[in-house]
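Student: Build the full structure now, drawing on both the sequences and the hints.
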Amino acid sequence: TKVSEIAKGAFSHNRKLDSISLPNVTVVGDYGFASNTYLVSVKLGKLTYIGEYGFFETAITEMPTFTAETYIGKYAFSHTFLTSVNIPNGATVAEGTYSECQKLETIVIGDDVEIGKYAFSLNKDLAFKVVDGEDNGKKVFKYEFTSPITSLTIGKNANIGENAFSNAAKLESVTLGEGAILGKMAFYNNSSLKEIDLSKVESMIALPFHPSNAWTIHEFLENAEEILAQVEADAQARFPKAKVSLMNKI
340 TKVSEIAKGA FSHNRKLDSI SLPNVTVVGD YGFASNTYLV SVKLGKLTYI GEYGFFETAI
400 TEMPTFTAET YIGKYAFSHT FLTSVNIPNG ATVAEGTYSE CQKLETIVIG DDVEIGKYAF
460 SLNKDLAFKV VDGEDNGKKV FKYEFTSPIT SLTIGKNANI GENAFSNAAK LESVTLGEGA
520 ILGKMAFYNN SSLKEIDLSK VESMIALPFH PSNAWTIHEF LENAEEILAQ VEADAQARFP
580 KAKVSLMNKI
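Taking the numbering used here, I'd label the letters of the sequence shown as residues 340 to 589.
Calculated directly from the structure, the hints in this document are not laboratory data.
Treat the hints loosely; a few may be bogus.
Computed Cβ-Cβ distance ranges for the label pairs, DEER-style [unchecked claim]:
1. L560 with I535: 22 to 28 angstroms
2. A349 with S531: 29 to 35 angstroms
3. K582 with A553: 52 to 58 angstroms
4. F548 with N462: 32 to 38 angstroms
5. T422 with A553: 53 to 59 angstroms
6. H557 with S531: 54 to 60 angstroms
7. K468 with T406: 33 to 39 angstroms
8. F548 with T489: 36 to 42 angstroms
Predicted, not measured: the structure shown is a model, and the values here were computed from it.
Backbone N, C-alpha and C define an ideal beta-carbon position, used for all residues, glycine too.
Tutor: What follows is the structure, given as C-alpha coordinates:
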(Lines of atoms letter the chains of each structure in order from A and count residues from 1; the text may use other names and numbers.)
(Lines give C-alpha, C1' and ligand atoms only; values in the text may rest on other atoms or scores of the structure.)
Protein backbone atom coordinates (compact mmCIF):
# COMPACT_ATOMS: atom_id res chain seq x y z
CA THR A 1 0.00 0.00 0.00
CA LYS A 2 1.32 3.44 -0.92
CA VAL A 3 1.31 5.86 2.00
CA SER A 4 -0.24 9.19 0.99
CA GLU A 5 -0.94 10.83 4.35
CA ILE A 6 0.87 11.24 7.65
CA ALA A 7 -1.74 11.33 10.41
CA LYS A 8 -1.70 13.61 13.43
CA GLY A 9 1.39 12.96 15.54
CA ALA A 10 2.26 9.82 13.59
CA PHE A 11 6.04 10.25 13.93
CA SER A 12 6.20 12.85 16.67
CA HIS A 13 8.89 12.68 19.36
CA ASN A 14 10.85 9.99 17.57
CA ARG A 15 14.43 10.52 18.75
CA LYS A 16 16.12 8.07 16.37
CA LEU A 17 14.57 8.84 12.98
CA ASP A 18 17.07 10.77 10.82
CA SER A 19 15.62 10.38 7.32
CA ILE A 20 12.38 9.43 5.66
CA SER A 21 11.36 8.78 2.04
CA LEU A 22 7.66 8.57 1.25
CA PRO A 23 7.30 10.01 -2.28
CA ASN A 24 3.52 9.56 -2.43
CA VAL A 25 2.75 11.55 0.71
CA THR A 26 0.85 14.78 0.01
CA VAL A 27 -0.59 15.44 3.47
CA VAL A 28 1.24 15.89 6.77
CA GLY A 29 -1.12 16.21 9.72
CA ASP A 30 -0.69 18.30 12.86
CA TYR A 31 2.50 17.36 14.74
CA GLY A 32 3.22 14.75 12.03
CA PHE A 33 7.01 14.89 12.50
CA ALA A 34 7.15 17.23 15.49
CA SER A 35 10.15 17.03 17.82
CA ASN A 36 12.08 14.57 15.67
CA THR A 37 15.28 16.34 16.65
CA TYR A 38 17.54 14.13 14.49
CA LEU A 39 15.38 14.19 11.36
CA VAL A 40 17.52 15.79 8.65
CA SER A 41 16.31 14.39 5.32
CA VAL A 42 12.65 14.36 4.25
CA LYS A 43 11.63 13.19 0.78
CA LEU A 44 7.89 13.49 0.25
CA GLY A 45 5.54 14.24 -2.64
CA LYS A 46 4.23 17.72 -3.50
CA LEU A 47 2.44 18.58 -0.28
CA THR A 48 -1.08 20.01 -0.36
CA TYR A 49 -1.49 20.21 3.41
CA ILE A 50 0.99 20.69 6.25
CA GLY A 51 -0.63 20.78 9.67
CA GLU A 52 0.24 22.82 12.72
CA TYR A 53 3.69 22.00 14.11
CA GLY A 54 4.10 19.50 11.27
CA PHE A 55 7.92 19.71 11.18
CA PHE A 56 8.41 21.58 14.45
CA GLU A 57 11.78 20.97 16.15
CA THR A 58 13.26 18.85 13.38
CA ALA A 59 16.75 19.22 11.90
CA ILE A 60 15.63 19.61 8.28
CA THR A 61 17.64 22.10 6.21
CA GLU A 62 15.47 22.19 3.08
CA MET A 63 11.77 22.81 2.54
CA PRO A 64 9.59 20.00 1.21
CA THR A 65 7.87 20.76 -2.11
CA PHE A 66 4.65 22.78 -1.87
CA THR A 67 2.68 25.43 -3.79
CA ALA A 68 0.98 28.75 -3.05
CA GLU A 69 -2.27 26.82 -2.52
CA THR A 70 -0.77 24.47 0.06
CA TYR A 71 -2.20 24.95 3.54
CA ILE A 72 0.61 25.38 6.06
CA GLY A 73 -0.41 25.52 9.71
CA LYS A 74 1.06 27.67 12.42
CA TYR A 75 4.57 26.86 13.69
CA ALA A 76 4.87 24.15 11.02
CA PHE A 77 8.62 24.78 10.48
CA SER A 78 9.47 26.55 13.72
CA HIS A 79 12.75 25.58 15.41
CA THR A 80 14.17 23.90 12.29
CA PHE A 81 17.54 24.27 10.54
CA LEU A 82 16.15 25.69 7.29
CA THR A 83 18.64 27.93 5.47
CA SER A 84 16.32 29.39 2.83
CA VAL A 85 12.60 29.92 2.33
CA ASN A 86 10.77 30.92 -0.86
CA ILE A 87 7.22 32.19 -0.34
CA PRO A 88 5.30 32.11 -3.66
CA ASN A 89 2.86 34.76 -4.85
CA GLY A 90 -0.49 34.68 -3.09
CA ALA A 91 0.63 32.44 -0.24
CA THR A 92 -0.30 32.77 3.42
CA VAL A 93 2.35 32.39 6.11
CA ALA A 94 0.61 31.43 9.33
CA GLU A 95 1.51 32.47 12.86
CA GLY A 96 5.06 31.50 13.80
CA THR A 97 5.54 29.26 10.76
CA TYR A 98 9.28 29.95 10.46
CA SER A 99 9.95 31.35 13.91
CA GLU A 100 13.15 30.47 15.76
CA CYS A 101 14.91 29.30 12.59
CA GLN A 102 18.40 30.35 13.61
CA LYS A 103 20.06 29.15 10.39
CA LEU A 104 17.74 31.00 8.00
CA GLU A 105 19.91 33.06 5.63
CA THR A 106 17.65 33.74 2.65
CA ILE A 107 13.97 34.68 2.58
CA VAL A 108 12.26 35.39 -0.76
CA ILE A 109 8.71 36.70 -0.50
CA GLY A 110 6.49 37.15 -3.55
CA ASP A 111 3.50 39.39 -4.22
CA ASP A 112 0.14 39.39 -2.40
CA VAL A 113 1.48 37.44 0.55
CA GLU A 114 -0.17 37.37 3.97
CA ILE A 115 2.48 37.13 6.70
CA GLY A 116 1.08 36.17 10.09
CA LYS A 117 2.26 37.33 13.47
CA TYR A 118 5.63 36.04 14.66
CA ALA A 119 6.06 34.32 11.26
CA PHE A 120 9.84 34.78 11.15
CA SER A 121 10.47 36.06 14.65
CA LEU A 122 13.31 35.03 16.90
CA ASN A 123 13.52 34.77 20.65
CA LYS A 124 15.19 37.92 21.95
CA ASP A 125 17.46 35.91 24.23
CA LEU A 126 18.60 33.78 21.28
CA ALA A 127 19.18 36.67 18.86
CA PHE A 128 22.48 37.46 20.58
CA LYS A 129 25.21 35.47 22.23
CA VAL A 130 28.02 36.50 24.52
CA VAL A 131 31.50 35.71 23.23
CA ASP A 132 34.95 36.15 24.71
CA GLY A 133 37.12 38.93 23.32
CA GLU A 134 40.25 40.90 24.01
CA ASP A 135 40.83 44.65 24.22
CA ASN A 136 44.40 45.92 24.74
CA GLY A 137 45.39 42.66 26.32
CA LYS A 138 42.39 42.56 28.63
CA LYS A 139 39.75 39.90 28.45
CA VAL A 140 36.33 41.33 27.57
CA PHE A 141 32.91 40.00 26.74
CA LYS A 142 30.84 41.18 23.80
CA TYR A 143 27.53 40.48 22.15
CA GLU A 144 27.42 38.77 18.75
CA PHE A 145 24.35 38.58 16.52
CA THR A 146 23.22 35.01 15.81
CA SER A 147 20.56 35.62 13.14
CA PRO A 148 22.28 35.26 9.72
CA ILE A 149 19.83 37.15 7.49
CA THR A 150 21.08 40.63 6.53
CA SER A 151 18.66 41.81 3.82
CA LEU A 152 15.03 41.27 2.92
CA THR A 153 12.88 42.13 -0.12
CA ILE A 154 9.13 41.71 0.06
CA GLY A 155 6.82 41.84 -2.98
CA LYS A 156 3.84 44.11 -3.47
CA ASN A 157 0.61 44.07 -1.44
CA ALA A 158 2.13 42.22 1.50
CA ASN A 159 0.21 42.21 4.75
CA ILE A 160 2.88 41.90 7.44
CA GLY A 161 1.62 40.86 10.85
CA GLU A 162 2.58 41.72 14.41
CA ASN A 163 6.19 40.91 15.33
CA ALA A 164 6.61 39.11 12.00
CA PHE A 165 10.38 39.75 11.83
CA SER A 166 11.11 40.74 15.41
CA ASN A 167 14.59 40.21 16.85
CA ALA A 168 16.24 39.58 13.47
CA ALA A 169 19.23 41.36 14.96
CA LYS A 170 21.53 41.17 11.92
CA LEU A 171 18.98 42.46 9.39
CA GLU A 172 20.41 45.63 7.82
CA SER A 173 18.12 46.49 4.90
CA VAL A 174 14.46 45.96 4.02
CA THR A 175 12.72 46.75 0.72
CA LEU A 176 8.93 46.73 0.70
CA GLY A 177 6.80 46.52 -2.43
CA GLU A 178 3.90 48.84 -3.10
CA GLY A 179 0.74 48.41 -1.08
CA ALA A 180 2.48 46.90 1.96
CA ILE A 181 0.68 46.97 5.31
CA LEU A 182 2.82 46.72 8.44
CA GLY A 183 1.50 45.38 11.71
CA LYS A 184 2.67 46.63 15.06
CA MET A 185 6.26 45.83 15.99
CA ALA A 186 6.72 44.01 12.66
CA PHE A 187 10.47 44.74 12.68
CA TYR A 188 10.90 45.17 16.43
CA ASN A 189 14.43 44.98 17.84
CA ASN A 190 16.15 44.73 14.45
CA SER A 191 19.27 46.19 16.01
CA SER A 192 21.33 46.37 12.79
CA LEU A 193 18.63 47.85 10.56
CA LYS A 194 20.16 50.80 8.70
CA GLU A 195 17.99 51.13 5.62
CA ILE A 196 14.32 50.58 4.85
CA ASP A 197 12.86 51.48 1.46
CA LEU A 198 9.30 52.72 1.93
CA SER A 199 9.06 54.48 -1.42
CA LYS A 200 6.43 52.07 -2.72
CA VAL A 201 4.42 51.80 0.48
CA GLU A 202 1.03 53.47 0.32
CA SER A 203 -0.49 55.47 3.15
CA MET A 204 -3.60 53.96 4.69
CA ILE A 205 -6.74 55.25 6.31
CA ALA A 206 -8.51 53.30 9.05
CA LEU A 207 -12.26 53.84 9.26
CA PRO A 208 -14.64 52.63 11.99
CA PHE A 209 -14.47 48.87 12.58
CA HIS A 210 -10.76 48.79 11.69
CA PRO A 211 -8.96 46.63 10.50
CA SER A 212 -11.75 45.37 8.23
CA ASN A 213 -12.22 48.93 6.99
CA ALA A 214 -8.63 49.90 6.25
CA TRP A 215 -8.01 51.37 2.80
CA THR A 216 -5.15 52.91 0.89
CA ILE A 217 -5.56 56.66 0.46
CA HIS A 218 -5.96 56.44 -3.31
CA GLU A 219 -8.63 53.71 -2.99
CA PHE A 220 -10.50 55.83 -0.48
CA LEU A 221 -10.40 58.97 -2.60
CA GLU A 222 -11.60 57.08 -5.66
CA ASN A 223 -14.48 55.37 -3.84
CA ALA A 224 -15.18 57.63 -0.86
CA GLU A 225 -18.94 57.79 -1.29
CA GLU A 226 -19.38 54.04 -1.61
CA ILE A 227 -17.00 53.24 1.25
CA LEU A 228 -18.52 55.74 3.69
CA ALA A 229 -22.04 54.63 2.83
CA GLN A 230 -21.08 51.06 3.70
CA VAL A 231 -19.53 52.17 7.00
CA GLU A 232 -22.73 54.05 7.89
CA ALA A 233 -24.81 50.96 7.06
CA ASP A 234 -22.52 48.73 9.16
CA ALA A 235 -22.72 51.15 12.09
CA GLN A 236 -26.51 51.28 11.89
CA ALA A 237 -26.72 47.48 11.87
CA ARG A 238 -24.35 47.11 14.82
CA PHE A 239 -25.65 50.02 16.87
CA PRO A 240 -29.28 50.74 15.91
CA LYS A 241 -29.56 53.66 18.34
CA ALA A 242 -26.42 55.39 17.13
CA LYS A 243 -26.51 58.31 14.71
CA VAL A 244 -23.57 58.00 12.36
CA SER A 245 -23.08 60.58 9.66
CA LEU A 246 -20.02 60.30 7.46
CA MET A 247 -21.41 61.15 4.03
CA ASN A 248 -21.61 64.82 4.93
CA LYS A 249 -17.81 64.84 5.34
CA ILE A 250 -17.26 64.43 1.60
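Student: Taking the hints in turn, state whether each one holds.
Tutor: Outcome of the hint check:
no., hint, in the structure
1, L560 with I535: 22 to 28 angstroms, "holds, 26 angstroms"
2, A349 with S531: 29 to 35 angstroms, "violated, 41 angstroms"
3, K582 with A553: 52 to 58 angstroms, "violated, 24 angstroms"
4, F548 with N462: 32 to 38 angstroms, "holds, 34 angstroms"
5, T422 with A553: 53 to 59 angstroms, "violated, 35 angstroms"
6, H557 with S531: 54 to 60 angstroms, "violated, 33 angstroms"
7, K468 with T406: 33 to 39 angstroms, "holds, 37 angstroms"
8, F548 with T489: 36 to 42 angstroms, "holds, 39 angstroms"
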